[in-house]
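Build out the structure end to end from the sequences listed, making use of the hints.
Under the working numbering, the sequence shown has 189 at position 189, and the numbering climbs by one with no breaks.
Calculated from the structure, these hints are not laboratory results.
Hints are not guaranteed to be accurate.
Said to hold, decoys possible - Estimated spans, in silico, between C-beta atoms of each pair: (1) S173 with K207: 27 to 33 Å; (2) G215 with K146: 33 to 39 Å; (3) E286 with N249: 18 to 24 Å; (4) D238 with G108: 51 to 57 Å; (5) V112 with S173: 31 to 37 Å; (6) P247 with L75: 29 to 35 Å; (7) N123 with N224: 49 to 55 Å; (8) L75 with L167: 20 to 26 Å; (9) A145 with T181: 41 to 47 Å; (10) T182 with P247: 22 to 28 Å; (11) T305 with N249: 53 to 59 Å; (12) K207 with N123: 55 to 61 Å; (13) S260 with L75: 36 to 42 Å.
Claimed, not checked - Here are the simulated DMTMM-like cross-link-like pairs (lysine to aspartate or glutamate), alpha carbons at most 20 Å apart as the crow flies: (14) K146 with D130; (15) K277 with E259; (16) K298 with E259; (17) K284 with E259; (18) K277 with D263; (19) K207 with E163; (20) K146 with E161; (21) K197 with E244; (22) K139 with E107; (23) K134 with D34; (24) K125 with E107; (25) K277 with D238; (26) K151 with E162; (27) K36 with E176; (28) K216 with D188; (29) K64 with E114; (30) K332 with E286; (31) K134 with E162; (32) K216 with E42; (33) K146 with E162; (34) K139 with E114; (35) K151 with E138; (36) K152 with E163; (37) K150 with E138; (38) K207 with E219; (39) K291 with E248; (40) K291 with D188.
Note that beta-carbon positions come from the ideal geometry of N, C-alpha and C, so glycine has one too.
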Amino acid sequence: MGWLKPLFYLALTAYVFVAVLPCSLYGYAEAFPDMKSNHWIEAHVHAYSFFGGVTRILVPDNLKTGVIKNTRSELVLNCSYHEMAEHYGTAIIPARPVKPRDKPNAEGTVRVLETWILAALRNRKFFTFDELNKAIREKLEEFNAKPFQKKKGSRLTAFIEEEKDFLMPLPASPYETAVWTTATIQPDYLITVGNCKYSVPYEFIGKKVDIRTTGKSIEVFYHNNRIASHVRRAYSTDPVYMPEHMPENHRKFLEYNTESFLDWGKTNGHFTLIVVKHFLYMHKVEQQGYKSCVSLMKLADRYGTERLENACAKALSYTPSPSLKNISTILKNGQDKVATVKVSASASSKESSKYGITRGASYYGGGDRL
1 MGWLKPLFYL ALTAYVFVAV LPCSLYGYAE AFPDMKSNHW IEAHVHAYSF
51 FGGVTRILVP DNLKTGVIKN TRSELVLNCS YHEMAEHYGT AIIPARPVKP
101 RDKPNAEGTV RVLETWILAA LRNRKFFTFD ELNKAIREKL EEFNAKPFQK
151 KKGSRLTAFI EEEKDFLMPL PASPYETAVW TTATIQPDYL ITVGNCKYSV
201 PYEFIGKKVD IRTTGKSIEV FYHNNRIASH VRRAYSTDPV YMPEHMPENH
251 RKFLEYNTES FLDWGKTNGH FTLIVVKHFL YMHKVEQQGY KSCVSLMKLA
301 DRYGTERLEN ACAKALSYTP SPSLKNISTI LKNGQDKVAT VKVSASASSK
351 ESSKYGITRG ASYYGGGDRL
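If you want it as structure tokens, here you go:
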């Protein structure tokens, strides 16, 4: 199995994958936009489907998309390529570098196909790979049915009579192309795949993991043990969290919502509810105020609901936009225990008269302001 050199020059270059069986020389060909790992493996899957069976040994080119290292003492395959071979139950034995004699049948078929298919289509224009592959398939059928020059039959008849029965059966379902990557888990215990983020157990923060990505699923492995799996999404603005991946305090935060905060504020008291609404609605998105509301609830647990209500009232007497720090400072200093004194208009005027050029709010008809 291997690639033909690119011969179709349209809006982009096309690469043709070629596979051939050793006995009958029955061949398969398909065009792809590149020679990356996903197309390399997809080509194998389509070839096995075309043959209707699997060979016991697979002899591919010694290319980086499938073979990471191939020396006299060591063979290291691409993870996805090895996984594909395991799925079909075949053994991969790559050809030695610069040794085409390791797969002479494939090399010979490539040369014949280059003339039989590519040369015949060189003057035609194709606008999609489906169109191109349909034309290749038509020429491929002619190629396989073409009679041998020095013996009876054709590649097709030789395949049916001599080789088909010796192929291993196809698995129940075709291999789903997977892409393997690695990542180090960040403090937010999220991994990024495409346009989405997915959670992993927080215990693996700082660990290096392997990520297996298919068109439908995301799987995360640590030391070959699967620690997380998700259904893959095309796009999501929010990270995809699983509650069991979160520490206890984060899990509680996930359960919070605007209604629960408002209900709690209403139960705690009138002034607490006003502060909760302020925290929620001061932001463009209500979720941005959740942390402040949670911190307010913690103050209630620490100082009691009555003191928190008084502190909120005290803070609101100073400003219509109190901060969490204001309320926390009032509680720490015990200012909530001091009654809020409302200054009368007369007292305000009397106080203002001490200063000749100072005019109070009553001068402008504004009344008393706290």
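Against the structure, the hints:
At about 32 Å, the CB distance of S173 to K207 agrees with the hint of 27 to 33 Å. For the hinted restraint 33 to 39 Å between G215 and K146, the CB-CB distance of approximately 37 Å keeps it satisfied. For E286 and N249, the hinted distance range of 18 to 24 Å is satisfied, since their beta carbons lie about 20 Å from each other. Distance hint check: the CB atoms of D238 and G108 are about 56 Å apart, consistent with the given range 51 to 57 Å.
Restraint check, V112 to S173: a C-beta distance of roughly 33 Å satisfies the suggested window 31 to 37 Å. The given range of 29 to 35 Å is broken by P247 and L75, whose C-beta atoms sit roughly 43 Å from each other. Between N123 and N224 the Cβ separation comes to about 52 Å, which falls inside the hinted range of 49 to 55 Å. For the pair L75 and L167, the beta carbons lie near 24 Å from each other, so the given range of 20 to 26 Å is met.
At roughly 43 Å, the beta-carbon separation of A145 and T181 lies within the given 41 to 47 Å, and the hint holds. Checked against the hint of 22 to 28 Å, the pair T182 and P247 passes, with Cβ atoms roughly 24 Å apart. Distance hint check: the CB atoms of T305 and N249 are about 21 Å apart, inconsistent with the given range 53 to 59 Å. Distance hint check for K207 and N123: the Cβ-Cβ separation is about 56 Å, which falls inside the suggested range of 55 to 61 Å.
Remark: the range hint 36 to 42 Å for S260 to L75 is contradicted by a beta-carbon distance near 58 Å. Between the alpha carbons of K146 and D130 the distance comes to roughly 24 Å, so the proposed pair goes past 20 Å and is violated. Between K277 and E259, the direct Cα distance comes to roughly 11 Å. Compliance with the 20 Å bound is thereby established for this hinted pair. Taking the CA atoms of K298 and E259, the gap is about 18 Å. The hint holds against a cut of 20 Å.
Of the supplied pair hints, the one linking K284 and E259 holds, its CA atoms being roughly 17 Å apart against a limit of 20 Å. In summary, the hint linking K277 to D263 is supported, as the alpha carbons are separated by about 11 Å, within the 20 Å threshold. A hinted pair counts as satisfied when its Cα atoms are at most 20 Å apart, and K207 with E163 does not qualify at roughly 49 Å. About 16 Å separates the Cα atoms of K146 and E161, which keeps this hinted pair within 20 Å; it holds.
Annotation: proposed proximity of K197 to E244 holds, straight-line Cα distance about 16 Å (limit 20 Å). In summary, the hint linking K139 to E107 is supported, as the alpha carbons are separated by about 19 Å, within the 20 Å threshold. Restraint check for K134 and D34: the C-alpha separation of about 18 Å stays at or below 20 Å, so the hint holds. Of the pairs offered as hints, the one joining K125 and E107 is violated, with about 27 Å between alpha carbons and a cut-off of 20 Å exceeded.
Of the supplied pair hints, the one linking K277 and D238 is violated, its CA atoms being roughly 24 Å apart against a limit of 20 Å. Under the criterion of a C-alpha separation no larger than 20 Å, the hint pairing K151 with E162 is consistent with the structure, at around 14 Å. About 16 Å separates the Cα atoms of K36 and E176, which keeps this hinted pair within 20 Å; it holds. Our distance criterion of 20 Å between C-alpha atoms is broken by K216 and D188, whose separation comes to about 24 Å.
Of the pairs offered as hints, the one joining K64 and E114 is violated, with about 23 Å between alpha carbons and a cut-off of 20 Å exceeded. Between K332 and E286 the CA atoms are separated by roughly 28 Å; this puts the pair beyond 20 Å, and the hint is violated. Distance restraint check for K134 and E162: the Cα-Cα separation of roughly 28 Å exceeds the 20 Å cut-off, and the hinted pair is therefore not satisfied. A distance of roughly 15 Å separates the Cα atoms of K216 and E42; the hinted pair therefore holds under the 20 Å criterion.
For the suggested pair K146 and E162, the alpha carbons sit about 17 Å apart, so the restraint of at most 20 Å is met. Under the criterion of a C-alpha separation no larger than 20 Å, the hint pairing K139 with E114 is consistent with the structure, at around 11 Å. For the suggested pair K151 and E138, the alpha carbons sit about 24 Å apart, so the restraint of at most 20 Å is broken. Proposed proximity of K152 and E163 is supported: the alpha carbons are some 16 Å apart, at most 20 Å.
With a C-alpha separation of about 24 Å, the suggested pair K150 and E138 falls outside the 20 Å cut-off, and the hint is violated. Taking the CA atoms of K207 and E219, the gap is near 15 Å; set against the 20 Å cutoff, the hint holds. Taking the CA atoms of K291 and E248, the gap is about 15 Å. The hint holds against a cut of 20 Å. Taken as a hint, the K291 and D188 pair is honoured in the structure, with Cα atoms around 16 Å apart against an allowance of 20 Å.
Figure legend: structure checked against the earlier numbered hints; hints not met, in rising order: 6, 11, 13, 14, 19, 24, 25, 28, 29, 30, 31, 35 and 37.
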